[in-house]
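2 protein chains.
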Amino acid sequence: MAELLLGKDVNADLNERLLSRVEKLKEKAVIPQLAIIRVGERPDDLSYEHSAEVRCEKLGVKICKSVLPADCSKEDVIDAIHKANEDSSVHGVLLFRPLPKGIDEEAVIRELDPAKDMDGITTASMAGVFAGNGLGYPPCTAQAVMEILRHYNIPLAGKKAVVVGRSMVIGKPVAMMLLKENATVTICHTKTVDMPSVVRDADLVVVAAGHAGVINGEFVREGQVVIDVGINVNEEGKLCGDVDFASVEPVVAQLTPVPRGVGSVTTSVLAEHVVSAAEKAAGKE
Amino acid sequence: MAELLLGKDVNADLNERLLSRVEKLKEKAVIPQLAIIRVGERPDDLSYEHSAEVRCEKLGVKICKSVLPADCSKEDVIDAIHKANEDSSVHGVLLFRPLPKGIDEEAVIRELDPAKDMDGITTASMAGVFAGNGLGYPPCTAQAVMEILRHYNIPLAGKKAVVVGRSMVIGKPVAMMLLKENATVTICHTKTVDMPSVVRDADLVVVAAGHAGVINGEFVREGQVVIDVGINVNEEGKLCGDVDFASVEPVVAQLTPVPRGVGSVTTSVLAEHVVSAAEKAAGKE
Chain F
1 MAELLLGKDV NADLNERLLS RVEKLKEKAV IPQLAIIRVG ERPDDLSYEH SAEVRCEKLG
61 VKICKSVLPA DCSKEDVIDA IHKANEDSSV HGVLLFRPLP KGIDEEAVIR ELDPAKDMDG
121 ITTASMAGVF AGNGLGYPPC TAQAVMEILR HYNIPLAGKK AVVVGRSMVI GKPVAMMLLK
181 ENATVTICHT KTVDMPSVVR DADLVVVAAG HAGVINGEFV REGQVVIDVG INVNEEGKLC
241 GDVDFASVEP VVAQLTPVPR GVGSVTTSVL AEHVVSAAEK AAGKE
Chain W
1 MAELLLGKDV NADLNERLLS RVEKLKEKAV IPQLAIIRVG ERPDDLSYEH SAEVRCEKLG
61 VKICKSVLPA DCSKEDVIDA IHKANEDSSV HGVLLFRPLP KGIDEEAVIR ELDPAKDMDG
121 ITTASMAGVF AGNGLGYPPC TAQAVMEILR HYNIPLAGKK AVVVGRSMVI GKPVAMMLLK
181 ENATVTICHT KTVDMPSVVR DADLVVVAAG HAGVINGEFV REGQVVIDVG INVNEEGKLC
241 GDVDFASVEP VVAQLTPVPR GVGSVTTSVL AEHVVSAAEK AAGKE
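Here the protein sequences come in this chain order: F and W. Numbering-wise, the first sequence is residues 1 to 285 according to UniProt numbering. Numbering-wise, the second sequence is residues 1 to 285 according to UniProt numbering.
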């Protein structure tokens, strides 16, 4: 029976600290504000937007929204980004992706002010995570993994960490962040040979493969910490992770559930990035 | 007895292809040109500069140099960079680092046109290597490792690669480039526990630790490929790598020597970057 690493405890901790930072900003007459730019009405985007709105409202972080029709042009999205860049009351921008087909996403992202990039999508943020120099903001989900590890005091220095998945949203940035914490990091992917033996060798496993059931009981051993970043819908229409909970949970020491795990921490990280950006902007004035 | 993976064979192959690309550029009246910016007279810089000059001359790549006194200001270096950025006959820039203490290196690098960054030092190049999207140029030494692996047909897909070292010049970029070739990549460093067992588990070991003798016979097993990126001077005043050649060479299958290994390929890669940049510039006209 694994200890479940619940997001709500991490959130409680993060949010308490955030509230006092928002208070301090208020004393300087600064209200942190996030601009959400959404194209179309994708259910995933709407669901995340709702969670972000609930979280930000609780924390005193303002949100303004630019909602564009699904058939809008690249120029329309860029206009929304320019507006957010130029508005000094906006401290951060969340652009929902993927953008509809036909819109050149890279061209759009190039227009975003790196200082307002809350989800690690600009080249400046990517380079910051890669170099580990603290510049820019990492993708919120990747940082949510690190916040969970920190909250539960999971030791990282000198530990063997295996990351399953090599996306720019989670796999690669989490690998770099674990490396910065002095873990010995292995990155696995679809071309990895004998993944069960590689994963079993780890102290910590971060699973961000994007498919349900990628990691099951055969991949794990007792004593391991498993962080499940996946969000999938199973045959019964229920949310599930990339980890086969039924076979993994009885074996490992600690495990994040889905839902109630990593995903639930992401909006707190997003709010934290906005507050950080507001603090930086206030410090510059 | 290991097969020695010699740089000269890689160079012969690379240079033959480069010469024909330079010929084609000549037909368009384009001479690829590298601007070298050097501050002071550090022996390492002078030695590399000499090698680069010899290589580039053989290949028909022109070099222009800006040599600044060791006590110059940040503004002087930035002026040299601006000049190279603006000169359309200059296709690439090599800035020797580290710059003398007191000169803000990051501020200097921010001024360099990413399209002319031949050694992967700008944030745009870093992000390109991290994302594996082919944008920008990776650090020459990191790419030299990949050119050696390619030349000798070392299989990478599905293989276990261990990179020893996590610098932004070699360790991290090589790890990303190996990942792009579908290797399962582990990054080790000074905080790695029981490094011998981690390194022995690899099919391919890339050693970029920056210290002589970091990897000796106890770390290796038969059948492995070992790429030694280190350049150190031993007690007898001779060049040596990070790998203890005497104890490793009898054990492994293939090994790059130092000298005559990775280091000797670096200037070919540098020249290749300049030719690529010249081709891109010519294509835009």
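In short, the hints are calculated from the structure, not lab data. The reader is advised that the hints may include incorrect statements.
Below, in silico cross-link-like pairs of lysine-lysine (DSBU-like), each with a Cα-Cα straight-line distance of 35 Å or less [to be verified]:
| no. | chain 1 | residue 1 | chain 2 | residue 2 |
| --- | --- | --- | --- | --- |
| 1 | F | K8 | F | K28 |
| 2 | F | K284 | F | K58 |
| 3 | W | K159 | F | K83 |
| 4 | F | K284 | W | K180 |
| 5 | F | K101 | W | K65 |
| 6 | F | K159 | F | K284 |
| 7 | F | K83 | F | K58 |
| 8 | W | K160 | F | K83 |
| 9 | W | K180 | F | K159 |
One side only, chain F facing chain W, incomplete, derived with CB under 7 Å [stated by the list, open to error]:
| no. | residue |
| --- | --- |
| 10 | V67 |
| 11 | A124 |
| 12 | I154 |
| 13 | A157 |
Quick list of the computed label-pair ranges, beta carbon to beta carbon [stated by the list, open to error]:
| no. | chain 1 | residue 1 | chain 2 | residue 2 | range |
| --- | --- | --- | --- | --- | --- |
| 14 | W | H211 | F | E3 | 33 to 43 Å |
| 15 | W | N133 | F | D87 | 40 to 50 Å |
| 16 | W | D76 | F | A12 | 29 to 39 Å |
| 17 | F | S20 | W | N133 | 34 to 44 Å |
| 18 | F | A12 | W | K191 | 53 to 63 Å |
| 19 | W | A282 | F | G217 | 35 to 45 Å |
| 20 | F | A107 | W | K65 | 53 to 63 Å |
| 21 | W | R200 | F | G217 | 20 to 30 Å |
| 22 | F | S20 | W | K191 | 31 to 41 Å |
| 23 | W | K191 | F | N234 | 58 to 68 Å |
| 24 | W | R97 | F | D76 | 51 to 61 Å |
| 25 | F | D13 | W | G217 | 14 to 24 Å |
| 26 | F | V54 | W | N232 | 55 to 65 Å |
| 27 | F | K24 | W | G217 | 40 to 50 Å |
Every residue, glycine too, gets a C-beta built ideally from N, C-alpha and C.
Structure-based check of each hint:
{"no.": "1", "hint": "F:K8 / F:K28", "verdict": "holds, 30 Å"}
{"no.": "2", "hint": "F:K284 / F:K58", "verdict": "holds, 27 Å"}
{"no.": "3", "hint": "W:K159 / F:K83", "verdict": "violated, 48 Å"}
{"no.": "4", "hint": "F:K284 / W:K180", "verdict": "violated, 40 Å"}
{"no.": "5", "hint": "F:K101 / W:K65", "verdict": "violated, 46 Å"}
{"no.": "6", "hint": "F:K159 / F:K284", "verdict": "violated, 39 Å"}
{"no.": "7", "hint": "F:K83 / F:K58", "verdict": "holds, 26 Å"}
{"no.": "8", "hint": "W:K160 / F:K83", "verdict": "violated, 47 Å"}
{"no.": "9", "hint": "W:K180 / F:K159", "verdict": "holds, 25 Å"}
{"no.": "10", "hint": "V67", "verdict": "violated, 28 Å"}
{"no.": "11", "hint": "A124", "verdict": "holds, 5 Å"}
{"no.": "12", "hint": "I154", "verdict": "violated, 16 Å"}
{"no.": "13", "hint": "A157", "verdict": "holds, 6 Å"}
{"no.": "14", "hint": "W:H211 / F:E3: 33 to 43 Å", "verdict": "holds, 40 Å"}
{"no.": "15", "hint": "W:N133 / F:D87: 40 to 50 Å", "verdict": "violated, 30 Å"}
{"no.": "16", "hint": "W:D76 / F:A12: 29 to 39 Å", "verdict": "violated, 53 Å"}
{"no.": "17", "hint": "F:S20 / W:N133: 34 to 44 Å", "verdict": "holds, 40 Å"}
{"no.": "18", "hint": "F:A12 / W:K191: 53 to 63 Å", "verdict": "violated, 31 Å"}
{"no.": "19", "hint": "W:A282 / F:G217: 35 to 45 Å", "verdict": "violated, 58 Å"}
{"no.": "20", "hint": "F:A107 / W:K65: 53 to 63 Å", "verdict": "violated, 37 Å"}
{"no.": "21", "hint": "W:R200 / F:G217: 20 to 30 Å", "verdict": "holds, 28 Å"}
{"no.": "22", "hint": "F:S20 / W:K191: 31 to 41 Å", "verdict": "holds, 33 Å"}
{"no.": "23", "hint": "W:K191 / F:N234: 58 to 68 Å", "verdict": "violated, 39 Å"}
{"no.": "24", "hint": "W:R97 / F:D76: 51 to 61 Å", "verdict": "violated, 42 Å"}
{"no.": "25", "hint": "F:D13 / W:G217: 14 to 24 Å", "verdict": "violated, 48 Å"}
{"no.": "26", "hint": "F:V54 / W:N232: 55 to 65 Å", "verdict": "holds, 57 Å"}
{"no.": "27", "hint": "F:K24 / W:G217: 40 to 50 Å", "verdict": "violated, 58 Å"}
In the structure shown, a violation is registered for the earlier hints numbered 3, 4, 5, 6, 8, 10, 12, 15, 16, 18, 19, 20, 23, 24, 25 and 27, in ascending order.
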